[in-house]
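Colleague: What follows is the residue order along each chain.
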Amino acid sequence: MLNSSIGKKLLMALAGLFLCVFLVVHLGINLCLLRDDGGEWFRAAAGFMSSNKIIKVFEVFLFGGLILHIIYGIFIEIKNRISRPISYNKTYASQTSYFSKYMIHTGMIIFAFLGLHLINFYFVKLGWTPAPQGIVAVEDKHDFYNMAINLFQNPVYSFVYIGFMIFLGFHLHHAFQSAFQTLGVNHTKYNTLIKATGTIYSIAIALGFSVIPVYFLFFWGK
Amino acid sequence: MKFKLKIWRQENAQAKGKFVTYELDNVSDDCSFLEMLDQLNETLVDKFDKPVCFDHDCREGICGMCSLYINGRPHGNDSGITTCQLHMRRFKDGDTLVVEPWRAKAFPVIKDLVVDRTAFDKIIQEGGYVSVNTGGIPDANAIPIKKVDSDLAMDAAQCIGCGACVAACKNASAMLFVSAKVSHLALLPQGSLEAKERVDNMVSKMDELGFGYCSNTGACEAECPKEIKISNIARLNREFFVSKLG
Ligand code: FES
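First to last, the protein sequences are chains F and L. Okay, so the first sequence: first residue is 1 according to the working numbering, each after it adds one. Okay, so the second sequence: first residue is 223 according to the working numbering, each after it adds one.
Fair warning: there could be bad hints in the mix.
[As the list claims (entries may be wrong)] In silico BS3-like links for lysine-lysine, alpha-carbon gap of 27 Å or less: (1) L:Lys-427 to F:Lys-101; (2) F:Lys-79 to L:Lys-333; (3) L:Lys-224 to L:Lys-327; (4) L:Lys-228 to F:Lys-8; (5) L:Lys-369 to L:Lys-333; (6) F:Lys-189 to L:Lys-368; (7) L:Lys-418 to F:Lys-90; (8) L:Lys-224 to F:Lys-79; (9) L:Lys-368 to F:Lys-90; (10) F:Lys-141 to F:Lys-53; (11) F:Lys-195 to L:Lys-269; (12) L:Lys-368 to F:Lys-79; (13) L:Lys-269 to F:Lys-79.
[Claimed, not checked] On the chain L side, residues computed to face chain F include the following (Cβ under 8 Å): (14) Val-249; (15) Ala-362; (16) Ala-390; (17) Lys-427; (18) Asn-438.
Derived by calculation from the structure, the hints in this document are not laboratory data. No residue lacks a Cβ here, since even glycine has one placed at the ideal position from N, Cα and C.
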């Protein structure tokens, strides 16, 4: 199964969908930052995520899925480039969904963001990198709430962050419906529903994550 | 009408090709793209130049022999047609037309605009048929088939194997072709008997021949002269999973 093209794509799609679910959970926790409660909800949610045993198991799956998705993505991209050794003089003018042509590019951008994100948070927790400092004092290496404030108070960081979220939205826009097609789910009755859900999902994720830096830049503490 | 033609010329499979530009005048807007190339070739032969080689046979959109990647689109800037059905009135007078062969590792150029599409035949040889003894002509109603299924099977069976899907796909994937061939047999009772081995063998042949991996961009569906739908690709995926599980 896995030495076939379709098998590899199946694995990529499943890993991708799992990451899609993860993004919803992550966004849910991040949105707690918008509550003006001194980080009470956010700390509770983040605390639960980092202490719960079941979540720990999921974390392994998450990193596994992520690495799998990336490795297969790169492998397939290389394979596809080899499949057309001489490219066309005139570039493709066929009607396609726009973002589908740039999945590897948006994927690489998201990967770059992921690096930054891990350095700023996850690696801090592991004690590998220093906590982001700024206008509020960070209590310890688990104090993600104050770290987030410090980062989002920085306009450069915030706008870069929003930029990354827009690319994430582009990636998801094609990814969502493409995963269903790869799984073999394509039915005249449900296609519109899947496509619409994908569009709403990608916009909601990009917008949802972007709202937070905007809040901390312009509205927090005012 | 007058055209500037930028055409890929390549002496043989080993030679390094290049684009050569030709000017062609007095082209009737009623003539097809291939007739326009015939006209160009006449002028070339008159000058003792080598004519441009291109594939064709029926010239009525049924054989799948004609190819040509014209201005960034397989079979040119019209939908649901082959190059032989493309008319020059679809272009503007004075246009520059860039004509290239299909580009894919699995479809090597033989000469000029002619590519070797044997790869498709090899895939068909892996299972694009039924090997049951069909005997004499049975009564039309002897095998009941659902209307929806027969319609879908007939839609898929329209594929003429021209390779436009591979040419259009940014990954040079043959999934639309294979899915059409798998679908039109899998949907019918006669074909369903060998469905499992068929999908398995055809997919592994497709992979082996060096076609790319489908990334669901939909370019194939947009360019297919027979308007084969990518819902067939989803069916191919399903058939493949079932063959692996069962
Ligand atoms: S020549 Fe037969 S389809 Fe064009």
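Colleague: Work down the list of hints and note, for each, if the structure agrees.
Modeller: We went through each hint and held it up to the structure:
1. L:Lys-427 to F:Lys-101: Satisfied, since the Cα-Cα distance of roughly 26 Å is no more than 27 Å.
2. F:Lys-79 to L:Lys-333: holds, 26 Å
3. L:Lys-224 to L:Lys-327: violated, 34 Å
4. L:Lys-228 to F:Lys-8: violated, 39 Å
5. L:Lys-369 to L:Lys-333: Status violated; Cα separation ~45 Å.
6. F:Lys-189 to L:Lys-368: Distance ~18 Å between Lys-189 (chain F) and Lys-368 (chain L) Cα, so the pair holds.
7. L:Lys-418 to F:Lys-90: violated, 40 Å
8. L:Lys-224 to F:Lys-79: violated, 41 Å
9. L:Lys-368 to F:Lys-90: Violated - the C-alpha atoms of Lys-90 (chain F) and Lys-368 (chain L) are around 44 Å apart, more than 27 Å.
10. F:Lys-141 to F:Lys-53: holds, 20 Å
11. F:Lys-195 to L:Lys-269: violated, 56 Å
12. L:Lys-368 to F:Lys-79: Violated, at about 40 Å.
13. L:Lys-269 to F:Lys-79: With a Cα-Cα distance of about 44 Å, the restraint between Lys-269 (chain L) and Lys-79 (chain F) is violated, given a limit of 27 Å.
14. Val-249: Where the cut-off is 8 Å and the nearest Cβ of chain F is about 20 Å from Val-249 (chain L), the hint is violated.
15. Ala-362: At 28 Å from the nearest chain F Cβ, Ala-362 (chain L) fails the 8 Å test, so the hint is violated.
16. Ala-390: Given a least distance of 5 Å, the restraint on Ala-390 (chain L) holds.
17. Lys-427: Check failed: Cβ of Lys-427 (chain L) comes no nearer than 11 Å to chain F, outside 8 Å.
18. Asn-438: For Asn-438 (chain L), the interface hint holds, since the closest Cβ of chain F sits about 4 Å away, which is under 8 Å.
The structure fails to meet hints 3, 4, 5, 7, 8, 9, 11, 12, 13, 14, 15 and 17 from the earlier list, while all remaining hints are met.
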